[in-house]
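Below, each chain spelled out in residue letters.
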Amino acid sequence: MTTLKVNGHEHQIDADPDTPLLYVLREDLKLNAAKFGCGLGQCGACTVIVDGNAVLSCVTPLLLVAGKQVTTLEGLGTVTSPAPIQRAFIEEQAAQCGYCISGMIMRAQALLQKNSKPTDEQIRAELEPNLCRCGTHMRILRAVHRAAKLMQTADASTTRAERSVQ
Amino acid sequence: MNAPVILDRRRLLAGGGALVVSFSLTPAFAQDTAAPPAPPAPKPPGSLKDAPFLDSWIRIDADGSITVFTGKAELGQGFRTAALQIAAEELDVAFESLKIVTADTKLTANEGYTAGSNSTKDSGTAIQNAAAQVRELLIAEAARRLELPAETLKTENGGVIAPDGRRFGYGDLVAGNMLHVEAQPKSKLKDPASYKIMNRPLQRVDIPAKVTGGAAYVQDIRLPGMVHARIVRPPSYGAQITACDIAAVEKLTGVVKVVRDGNFLAVVAGKEFQAIKAMQALSAATTWQETAGLPKQDDLLRVLTTLPSQDKTIFEQGSQAAAGKTLEATYTRPYQAHGSIGPSCAVAQSVDGAMTVWTHTQGVYPDRAGIAEMLRVPPASVRLIHVEGSGCYGHNGADDAAADAALIARALPGVPVRVQWTREQEQAWEPFGPAMVTRLKASLDGDGTISDWNFEVWSNTHSMRPGGAGSMLAAQHMAQPFKVPDPKPLPLPEGGGDRNAIPFYKFPNARVVHHFIPQMPLRISAMRALGAYHNVFSIESFMDELALAAGVDPVEFRLKHLDDARGREVITMAAQRFGWQKGQNAPRDRGYGFAFARYKNLAAYCAIASEVEVNTETGRPRLVRAVAAIDSGQVVNPDGLINQIEGAIIQSMSWTLYESVSFDDTRITSTDWQTYPILRFNAVPDSIDVHIINRPGQPFLGSGETGQGPAAASIANAIANATGKRLRDLPLTRKRIKGAIDA
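If you read the protein sequences in the order shown, they are chains U and G. Heads up: the first sequence at position 131 corresponds to 131 in this note's numbering, and the numbers run straight through without jumps. One gets this note's numbering by counting positions in the second sequence from 1 and adding 1000 to each.
Keep in mind that a hint or two might mislead.
Claimed, not checked - Each computed DSS-like pair below joins lysine-lysine, with the alpha-carbon atoms no more than 27 Å apart:
1. Lys1099(G) x Lys30(U)
2. Lys5(U) x Lys1271(G)
3. Lys1488(G) x Lys1560(G)
4. Lys68(U) x Lys1271(G)
5. Lys1506(G) x Lys1441(G)
6. Lys1257(G) x Lys30(U)
7. Lys149(U) x Lys117(U)
8. Lys30(U) x Lys1271(G)
Source of the hints: derived by calculation from the structure; they are not laboratory data.
Looking at chain U on its own, in the form it has when it is part of the complex (with noise of 0.2 Å):
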């Protein structure tokens, strides 16, 4: 058994230590969000955020996380109420088929947890791992610069994301 907090929450898993942390989250967990893209670590589809850093979860073994604090789309928000940075990319309209984009997204809020007001280069630099086929890209850039003003203008203490990714 192994211990994982995923989403402020804490689970003992049974796997072995060795399983990536993607197959972890959307088989036992039963998490939809991170997604499989490559399983090589070349495309950022399987991008979560561990102790506040992206991380590719489909080349992190369970063992390197166990005890860590692991954030993934499912722990920013809801349909219902979805955090400033969700927000932003519905509000940009920021998908087509929208696989690639829980990684887009996870990788933009470490950025932004820790530069809260990057520059459009700091942005194009911190995406380089992640991969869209539909060529989203503008789209995606222009929602990560709206979380960005989204972010400054919501009260950080109460929203979901600033509790669960540490």
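Starting from the structure of chain U, add chain G where the hints point.
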């Protein structure tokens, strides 16, 4: 209504009670039934011509809830939202109140494939007309009950309202099989000037779930008792198993079963990572006999132009005048991959001989036919349900994954089986966009006008989609394999390899030849825009070469050869919004490019102007900005349309600058994102602006694929403008640009 409602004859004979209602709505019907057989009536528009019953498209329940049905699939292009906007507009109901059911062989009409930018044209038109006719039926029923002329009634927010304020909800009015009537050829459509829901940038209905971790994809399906399967594919086309130690793998933790049928090999485990480990073990426990059968990757021009071909002159006018300055050029396109971000996935379950498959196929009915053939069962015992996957951009591995899942599920009766391909399998086994060669030759008269035009294109077919079992890998690899169906050229006017090969410009003398190549050295099929991507790249690059030779501005040169008013308008708008100036000079190391096409010569019009920066030290190109103008007929959702064109430009840029499938004499070697690099954020443009020319009340033209060709040529022309060197072999890589600069 200006024509009688045509009733379902079977139900009429059976004497269905609800039909009496329909009967009484349409007094003309009684007269018409007595008349002698009339000549075949004109068919209703869009997909209604093949699925004419109104309740195939719109269902209204007694509680007033309304469901829209479409045989097309959501592929990330926003069709679900567009279909709902169309239905809500014509029904006069709140957009938010509608539900929608998409492609499902048990529930929806057979609309073939969700492909060719045809969804709004086919299904959108059907839903629009069905909704309008349903609304008329509801008004007529209310008129009957109120004993008022229908003309005095209006509809609003899901109800019919009388002048005195009395109101019937749609659910109160609909009875029995009232909507089970055939559509009429013509509908009373709303005046576009009165639109409240169409031509509005409504937010897409699927995005909230996608940005919050909702179950949005086939990959997210979790059925009770579901097991996880992985395939062990052959290492190359045609490879045969020579040895396979199944017993050792079946002993591994969690392994439920190894399924082998000839060269089809799969492993099933209780948990996903167990399946992955078992796949690796099974792969290591299997040896294969491989055959070196692939052509030389760097010799595609010779390969394609020397393989046997069926040659057809598809367009000819005037005579071949050999006057003035003559230019010739050859353009090539490599094999390119769909490269979905999520590898293909499907779930299947066989219960009491009935097979259900959840799949991201673009054609639930044709794919069902293929799977039924493979399983040697009647199609009626197989149900395919479309569930969205990662964007496919054409025929990727989705259909194959569906067949894989069905074959494995057959071996595990009752158990739901989820098959997930690996990244490497997706990129080695998906059917690629075919390699192509085009040869162009044209002459300019003394006036700088094109006097004759010759265009030749060499290509495979651009669709090997299922229909037959032999289209799918699982069926090809079985012990009793199904033969790959003979490839066929796709018929014009839409065409396949010759899509957009016939010039949309007016030339006094022109000849176009399609060299259809039946042999397919690599597995290929439909990829977004089919042959139009390369043909438009070729035509629009060559137009710039001719404009340069004629000393005429490229935009002016295009307008000089184009009569079509809508085409001229998108060209003019893109040029104006870009700030295109005759005689302009781009800043140092930058270039401007322009291109135009009408997709398939019958769908949306698109013109794109671009600015590209080239690092002359390294050859590295970057699209700095692009400005597009699009005329897609009546607009349903302007933001959805803009999203599609933005995506087309960026995706086409990635194809055009970076992408080619690589292979040695035996194996595909571009099997991940290192060996098949695509666009990353460092090369994303500064801006993309899309300007729409709406055409109120005009037919929907479809636009999902329209940007691919113009974007490629616009970028190529900008690179030529920046460097003074013309590159004609795709992709226009940093290395090739550097080579051209240094040459």
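Quick rundown of the hints versus the structure:
| no. | hint | verdict |
| --- | --- | --- |
| 1 | Lys1099(G) x Lys30(U) | holds, 26 Å |
| 2 | Lys5(U) x Lys1271(G) | holds, 21 Å |
| 3 | Lys1488(G) x Lys1560(G) | violated, 37 Å |
| 4 | Lys68(U) x Lys1271(G) | holds, 24 Å |
| 5 | Lys1506(G) x Lys1441(G) | holds, 15 Å |
| 6 | Lys1257(G) x Lys30(U) | holds, 24 Å |
| 7 | Lys149(U) x Lys117(U) | holds, 8 Å |
| 8 | Lys30(U) x Lys1271(G) | holds, 12 Å |
In the structure shown, a violation is registered for the earlier hint numbered 3 alone.
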